[in-house]
Structure formats: C-alpha cells, structure tokens
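Number of protein chains: 2
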Amino acid sequence: MSNASAISPTRADNFPEWYQQVVRAADLAENSEVRGCMVIKPWGYGVWELIQKHLDAKFKETGHQNAYFPLLIPLSYLEKEAQHAEGFATECAVVTHHRLEAVKQPDGTVKMEPTGKLEEPFVIRPTSETIIGAAFARWVESYRDLPLLINQWANVMRWEMRPRLFLRTAEFLWQEGHTAHETSEEAMQEAKLMHGVYEEFLRNYLAIPAIPGEKTERERFPGALNTFTVEAMVQDRKAIQAGTSHFLGQNFAKAANIEFLGRDNLRHHAWTTSWGVSTRLIGTLLMAHADDDGAVLPPRIAPTQIVILPVTPKPDTKDAVIDACEALAKTLRAHAFHGEPLRVHVDKRDIAGGARNWEWIKKGVPIRVEIGPRDITSRSVAVVRRDRGPKEKEFIPKEQFIQDVADILADIQKQLLERATALRDEHMHKLSTEEEFRAFFTPKNEDKPEIHGGFALMHWAGSSEDEDRLQKELKVTIRCIPNGDEYAEEGTCFLTGKPSSRRVVFAKSY
Amino acid sequence: MSNASAISPTRADNFPEWYQQVVRAADLAENSEVRGCMVIKPWGYGVWELIQKHLDAKFKETGHQNAYFPLLIPLSYLEKEAQHAEGFATECAVVTHHRLEAVKQPDGTVKMEPTGKLEEPFVIRPTSETIIGAAFARWVESYRDLPLLINQWANVMRWEMRPRLFLRTAEFLWQEGHTAHETSEEAMQEAKLMHGVYEEFLRNYLAIPAIPGEKTERERFPGALNTFTVEAMVQDRKAIQAGTSHFLGQNFAKAANIEFLGRDNLRHHAWTTSWGVSTRLIGTLLMAHADDDGAVLPPRIAPTQIVILPVTPKPDTKDAVIDACEALAKTLRAHAFHGEPLRVHVDKRDIAGGARNWEWIKKGVPIRVEIGPRDITSRSVAVVRRDRGPKEKEFIPKEQFIQDVADILADIQKQLLERATALRDEHMHKLSTEEEFRAFFTPKNEDKPEIHGGFALMHWAGSSEDEDRLQKELKVTIRCIPNGDEYAEEGTCFLTGKPSSRRVVFAKSY
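Quick note, the sequences are listed as chains A and B, same order.
Under this note's numbering, the first residue of the first sequence is numbered 1, with each subsequent residue one higher.
Under this note's numbering, the first residue of the second sequence is numbered 1, with each subsequent residue one higher.
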C-alpha cells in the first residue's frame, strides 16, 4: 500500500461515507439483508464485550443487579403512558401471529404464511419501562423493598427509516437500568449518579470528553420529567447523544401501579428512573477517534491491545522468529494494564506482510510490534503506535519495551483523550447574537455541508416552538443545558432577548 | 418455621408443582403477563451469568469468537431449508407491521393499532442457522477463510403452548454456536468437540452426570444429519435434554450458498455445525439438586457461595457483630475457589433471624455462616452446609473455617455430583424384553403417574414409526444412543427381534 490513506473517501472528502468505510475496513459490522438490522462482527462485538464488562462492574459497584424481562410488550401496556406510547408508536415492530403454515403455490413451490392470529398484538420492546414497571408493581410492597436497583442487558428494536451502522439501527444492543425509590430526591440522585457513571466511562474508557447536561423539555425521553445526557463532539463537529439517564417522577409508577406502604403507613407511588447506553457508543468512538487509515481504538476497550507480527523472509529462520513472537506474547500477557492482563495476539497467517500490517492498522489496534530474524540477534523489537503515523516505527530493546508497554498504552489512551478534548474546545464557542449563531451553523462551502462551527454556547430563554423553528431552518437543536459553573452567567437570550442565567449547547447532531 | 419442609408440596407429593414452588421460593424467576415469557429475577440471572462466564471461556479457549446477528428472519430465509422451516413453523412469532397508530375509541379512550404492513413478514428467530448462514455466505470465499468459528449469546423465541419456567418458555436466553468447515471430518470433529464441552460443563460445574450420546433420526434437529445430546436424569427419573450439538452436513450451506474455492481450485459447499445450551440448564439444575427445602446450588455456579448472617440479639453488641461479619467476609473474599475470589454476602437486613435464614436455604446458597456476640468471644463461627440438613450446624474455630472453606465448597460440589450419579445409576437399567420394558414405564401407583423406572437401556433396531408408537402408548422416547464401550454389545431389539449391536436410552422426558 502506498502513502495514500487506507480509507477512501477521507474525512475531509466525505465524512458520512468515510464513516461507513471505516466500519467496513475495520471489520466491525455490516448491514444484513434485514433492513436496518446489522450484523456485529467479532471485532465489533469484542469492543462491545469490553464496554459491557466495564460498565457492568460499575453498575454492580453502585448496587445494581442484572435481571431479564420479556422481549414482547402487550399493546395495552404501551397505552398506559400516553406520552410514551406516542413517542415510540412510529418505530414499533408489531407481532400479530404466532405460527406459520406452509402453503403450496401454483408454481409448485411452498410459501410460509402467517397464521394463528393473536388476540392482542405485541410490540418488540423499543425500551422496557412499561414491562419492567409491571414487574416492579408485583415486587414492591413496602418501603423496605426500596430502592429497587435493576439493570438489563438486551436487544431492542426501533424501526428506522434511515439506518446507519451502530449509530442508528432498527435493532441494537444496550443496557437499560430501571430503578424505583421511596422519595423524589433519591430517584433524582440515582438519575444523576448514573449520568455521572456514563460521563466518567466515556472519558476514562472511550477517551471521549462528552459534555454532561440536561435536556430541554422538547428533547426529553417520552414520559420523563428530566433527561440527563452526555453529548460527544465528533470529528465533523456534530454532536452524538451517547447516553441518557431519566428522572421519571411518578409517571410510570402511576401508569404501572408501583405502590408501596410508606413509613407513614400510607400507600404511595414510587419514584422511578431509567438510564441506558447502547452499541451506538461504538459509532461514537469511531467518529471521535478514527482517522483516514481506519479505526483507532483506545487501549482500554481494544479487544487486542498489542498485535505481534512475525516477519519471516526466509524459511530457515521462520520457526525461530515465530518462537520469539510467541515468547514475547507470553511475557506480555503476564503484564497488566489497569489491573487486567494485556490482550496480545500473534498474527501468524501466511499472507503478505504489507496487507497483514494494514489490516491491523484499519482495525485500530493500539500497538503493532514486528519481529524479524535480525531483531532476534539484536534483541530489539519494531514498535508502531496507532495514534501516530503508520511509518513512525521505533526500534526498542525488547526488555525496555516489556518494561514500558503499560506506560505506552496509558500514553496512547491519554493522547486520544487530549486530542478529542482539543478538538472539542477548538470548536465550542460562546456566541452572543443571532447573526453570529446563524453564521456559525451556515456551511462556508456548499460542497461540504458538514463543515460548520461545532458546539455553540448560547444564552437561551426560548420556547419549544422556537427550538422547532431553529431545527427546521438550521438543523440545529439544543443538545443540553450543560452542568458546571462555567456555563452559569447572566445574559440575554440570543433569539428572544429575554434574560438568561445559563448558556445551553446548540449543535447539529446524529 | 417448623420442622416441616419449606416447599409445599414436596417432591414425593407432586414433583411438577414442587418444581414451580422451588423456582418461586428461591426467587429465581416468575411468569410475566406475556404468555410463556418469563421474568428472570436477579438470583436466577446471577446463575445464568456464571453459566455464561464459564461456557464463554471454554468457547474462546476452543477458538470461537462471539458475534451478533439480527433478531428478525425474513420468511424467505426459512423457506430455503424445507425440513427446518417445517420443524419450526408452528412455533414462530411473526412480525407483520412496523408502526402503531393511535385510534380514538367511541368511549373516548385511545387504542394503539398496528399499521405500516411489511411487504415480507419476519419471524423472531427460533434459532439462527438461516440468518447466520446468509452472513457466512458473504464471509467465506476461499478455504483460507475456514474454519469459521462463531458463537452468539442471544434471546430466541419458540411459541409454547405449555410453558414451564426455565424448562420450556416462549422466549429463552441461550448461546448458539455456528461453524463452517472445509471438510465433513472437520465439521464432525467440531460437533463432537462441543458435545464434549457440554458434557464436561454439566459434570464439573452443574454437578450433573448427563449421558452423552447421539439422537436417532426421529429426534434430530430439523435439517441436521447428526444431533449429539447430553441427557440429564432428574429426581423424578425423567430425562432433560440439556444441550445439543448438530452436524449439519452441507444442508444449510446449500440452502444459504456458503461456497468456497478449495485447495483444488474448485468451488465447494462448506460443512457446517451448530450447537447450543439455554436457560433450560437452570431448570435442569433445580430438578437435579433441589430438595424439599428449596434450591441447592452447586458452589461453582452459585451467585453467592457463602452468606454470613449476623445474629444481633442486643443493641449494645450489634455493631461488634456486624464488624466481625464484615471482617470475615473481607478475609474470605481474598480466598479463591477454582481460581476465583469467593462470592460472599453479609445479610444485614433487619428481619427476623429465622425468616432470613430460610430465605437463604430456599435460595440454595452452599454455605451459611452465623456469627453472634458469643462467637466473637469464642472466635468461632456456626456453619451449615446446604447439602446437609438445615439443623446440621457445626461450630468451627474461625481460623480453621477460613483455612478449610475452599475444601468445604469443593466437597459440596463433589457430594452433589455423587448424589446425582447415584440416583442416575440406581434408576438406569439394562432390560431385555418388551414385557420388562412396559413394566418399567408403567406407573406402579395411579395417583403418582410420575413414578416410573427411569432410564431403560435397550437393544434397538426399530423404525421411526416404532418410536412414534411407543411415544403415543407409553410417553417414552429414545433419548440417545449413548457414547461409550459399555453400551456396545451384541443383542436383539426388544421390540422387533432384529439384531442390535448397541443399547439405546429410553426415558420419559421434559
């Protein structure tokens, strides 16, 4: 392969198409023949397994237990919370029959036709508040049964008209936490706690400095009183909503009848929350870190952190080289990064070295190590970091590499976060006037409609209707009302001129 | 609670109802309002997580990778393999619409009605051979791409008319391995390898001495050439098919067009296998080991292996007791059983000691430890093993308990396997004549139709029609043609008198 980038088009040429090509080149996932449903390939699923492992540990540390609830939701459950039903109605896959019958066709072939019509149709869960609420209503009797802290790892389905691998698919994998509490304060605390867990996970594991904040009324989860979100800026300066946590008040408890006998001996409705992240995180990760050569995986969630590539130009030294590679792999696996044994793979496949090397570049493995016959004699290894150029090869004494490897991984992890933070800070601006705002979101170049300002920090006192109008006109929405003192200051709304005590984040988004 | 058993009815009174009561008393799962779909509660899901963890490690050790494929299968995919389609047709949940519309009812309420009819309906996967086959067809080009060794952890759905928690539910969780190979021999070797993994897992983790063997043609997976099974005998002497592994020949490869360019430069169809176990394992586990006091969990898959119960009769010593319990838990967690830190829980809930103790008995925790004020002074602990009677309490010096705890867990694990093996061997008999066979499977007592002989080892040379007839008459089927030299001997079929060189296992089954 020449000096040209491995991914065509590049990010600068066509960002959305570059993204699709990265997913394909890194062998992470592919479209299936079932419209909107993806196949998550082993490398992509490996990333998801690590995301699951680390988040699951955090959920358990914070007192949650896993459980599993039915895939199918009776229509009558959905109808109980009107806003919720309305919010998901256009995206529901509906099961209406429970068997098939083989019917002979005129041409002699056999076709399967649905039969066994159900009295009440089911939808495939788009989210599980209603079905889990029904279980909570059975489980909760007294305040002693609270808090109830449950999480589910599951697949969900939201029929998508414009699917995009990982970011927006009809079926996706996720976790959904569902909790019930005695008081409003405790439920709010829980929603904020998990919001914090997400923010920290994105920062420390995915190397993404997402902006944590609250959604405006218009952008809330259907049925929630507050929605907290973490909004990541990716390389085309758009926002991705990477995880949300909802304070549901008593809405769902009333709909599902989650009641408890309180300390006052009276019956009360519980206060509930829900919170989730999905395989969308993988799309976010790619859009945040991948480059024109393919995926770039932060070491903490890379299924393979170090790939060792035996260079075997001559048959008579091949065995010695492969032995040296296996020996190094074994040594490295006895070392740890963040308390876990290093994930090391030796790629012994008999294919051209250049093609093999580029496969691992495209997959985004953090460190590539080459060992050839001369390296055995010189006791050195050739090391290339994925966060640097493909030709920035360093020859390092093997013992020193072994000693430093965890530090190198830590440094790659740190570099990725620093780069993403620099990008975010460069393209996040406090603006004052409507004119500035419009200019910020108006593409400078008609051929590149994706190039725009980024995140605009605006004083805001407008209505949901104002938000509607801005979305229609400029394709921008309020991503969040960000946490933190740095956004609290007196000012006037750029659109309405009304007083405002806090800036919000406007952006285009996926 | 008195001397009476915690579960009513007992096993002897009514085995099927006893089973339902054990699932409920141990808080493992419950029926949902979605017919046939269960809610797996945290304790039950905890068992499943451990089953997943250990099996997943074995799959990875044997070279398999996880991936994820669509939940929905187009009808046209099913139609490609006729036997397969026929085999699952009566159990398929069918998705026919992709949105809902709110329709005002005459009484003013709103009902959601299915709309957006799909051109081609989908079924929710009852198993994934067809959809994974379509992916394999895309992935495989040359013999160099083989073997392809993939596993999926997923939910599947088979509409059940007579659901029973864990054992037979409309939705269940499972893993399904799917592999493609260059030769028939390699595929057969894979099917047998995974069959062996299942047998070993049941024995070493679930303490179940299942009989491994092959299915007769009549009992094979729809579309398979060979099905290998592990058949567990449970306490009412019935069989449970606990895991199966299928050699699919080229049937599915031809249906899905999984072709590769061979070493001979010609195109060939691949040889495929599939294999799976499900949450049914949890039902098998309970029916194998639970007793009239509730669940009895083998230590290797118990979410909590040791529960510590503070006995706090007086407020002034309460803190000291709880501190001693927490200190012991911390010490124990630094110990390992089979290379994993001990799973220890301190139950500090403020409820009556008897009720609390019985909760853990019913849940089947392997070891219960009580610590009271006097035990602090005497530096001893009161230990009860779940495999012994609830009153067989031993007072052991604390230091000795800490030293011995892993051995005690190992001994419980061993005892459970020995008991289950003794039960199996007591009720597995070689019979010769049809008369003996009929007597073996005819209940001695009309009130207790479930009490029958167990596993009958019979010489067999009959047809599928003969099997049909025996099933209708006596409700028995051939569970497997067992592996192992001890079943290979010359004889004559008990039904047809034809020569036979091997005995098969007949049993009633779940």
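Please note that the accuracy of each hint is not assured.
Identical copies look the same in the list; a pair holds intra-copy or inter-copy alike.
[To be verified] Pairs of lysine to aspartate or glutamate, EDC-like flavour, derived with a Cα cap of 20 angstroms: (1) Lys414 with Glu490; (2) Lys475 with Glu489; (3) Lys348 with Asp292; (4) Lys330 with Glu436; (5) Lys430 with Glu141; (6) Lys58 with Asp291; (7) Lys80 with Glu113; (8) Lys472 with Glu101; (9) Lys60 with Glu49; (10) Lys80 with Glu33; (11) Lys53 with Glu340; (12) Lys117 with Asp485; (13) Lys80 with Asp107; (14) Lys104 with Glu489; (15) Lys498 with Asp404; (16) Lys414 with Glu392; (17) Lys117 with Glu33; (18) Lys117 with Asp425; (19) Lys330 with Glu91; (20) Lys60 with Glu326; (21) Lys117 with Glu86; (22) Lys60 with Glu340; (23) Lys104 with Glu86.
Note that these hints are calculated values from the structure, not bench results.
Nothing here was measured: the structure is a model prediction, and the numbers come from that model.
Hints and how they fare:
no.: 1; hint: Lys414 with Glu490; in the structure: neither (35 angstroms within a copy, 71 angstroms between copies)
no.: 2; hint: Lys475 with Glu489; in the structure: neither (26 angstroms within a copy, 78 angstroms between copies)
no.: 3; hint: Lys348 with Asp292; in the structure: neither (26 angstroms within a copy, 56 angstroms between copies)
no.: 4; hint: Lys330 with Glu436; in the structure: neither (58 angstroms within a copy, 60 angstroms between copies)
no.: 5; hint: Lys430 with Glu141; in the structure: neither (50 angstroms within a copy, 54 angstroms between copies)
no.: 6; hint: Lys58 with Asp291; in the structure: neither (30 angstroms within a copy, 36 angstroms between copies)
no.: 7; hint: Lys80 with Glu113; in the structure: between (32 angstroms within a copy, 14 angstroms between copies)
no.: 8; hint: Lys472 with Glu101; in the structure: neither (47 angstroms within a copy, 25 angstroms between copies)
no.: 9; hint: Lys60 with Glu49; in the structure: both (16 angstroms within a copy, 13 angstroms between copies)
no.: 10; hint: Lys80 with Glu33; in the structure: between (35 angstroms within a copy, 15 angstroms between copies)
no.: 11; hint: Lys53 with Glu340; in the structure: both (12 angstroms within a copy, 16 angstroms between copies)
no.: 12; hint: Lys117 with Asp485; in the structure: neither (57 angstroms within a copy, 51 angstroms between copies)
no.: 13; hint: Lys80 with Asp107; in the structure: between (47 angstroms within a copy, 16 angstroms between copies)
no.: 14; hint: Lys104 with Glu489; in the structure: neither (73 angstroms within a copy, 47 angstroms between copies)
no.: 15; hint: Lys498 with Asp404; in the structure: neither (57 angstroms within a copy, 73 angstroms between copies)
no.: 16; hint: Lys414 with Glu392; in the structure: within (18 angstroms within a copy, 57 angstroms between copies)
no.: 17; hint: Lys117 with Glu33; in the structure: between (26 angstroms within a copy, 18 angstroms between copies)
no.: 18; hint: Lys117 with Asp425; in the structure: neither (56 angstroms within a copy, 47 angstroms between copies)
no.: 19; hint: Lys330 with Glu91; in the structure: neither (49 angstroms within a copy, 49 angstroms between copies)
no.: 20; hint: Lys60 with Glu326; in the structure: between (36 angstroms within a copy, 18 angstroms between copies)
no.: 21; hint: Lys117 with Glu86; in the structure: between (25 angstroms within a copy, 19 angstroms between copies)
no.: 22; hint: Lys60 with Glu340; in the structure: both (18 angstroms within a copy, 17 angstroms between copies)
no.: 23; hint: Lys104 with Glu86; in the structure: between (40 angstroms within a copy, 13 angstroms between copies)
Comparing the model with each numbered hint stated earlier shows that hints 1, 2, 3, 4, 5, 6, 8, 12, 14, 15, 18, 19 do not hold.
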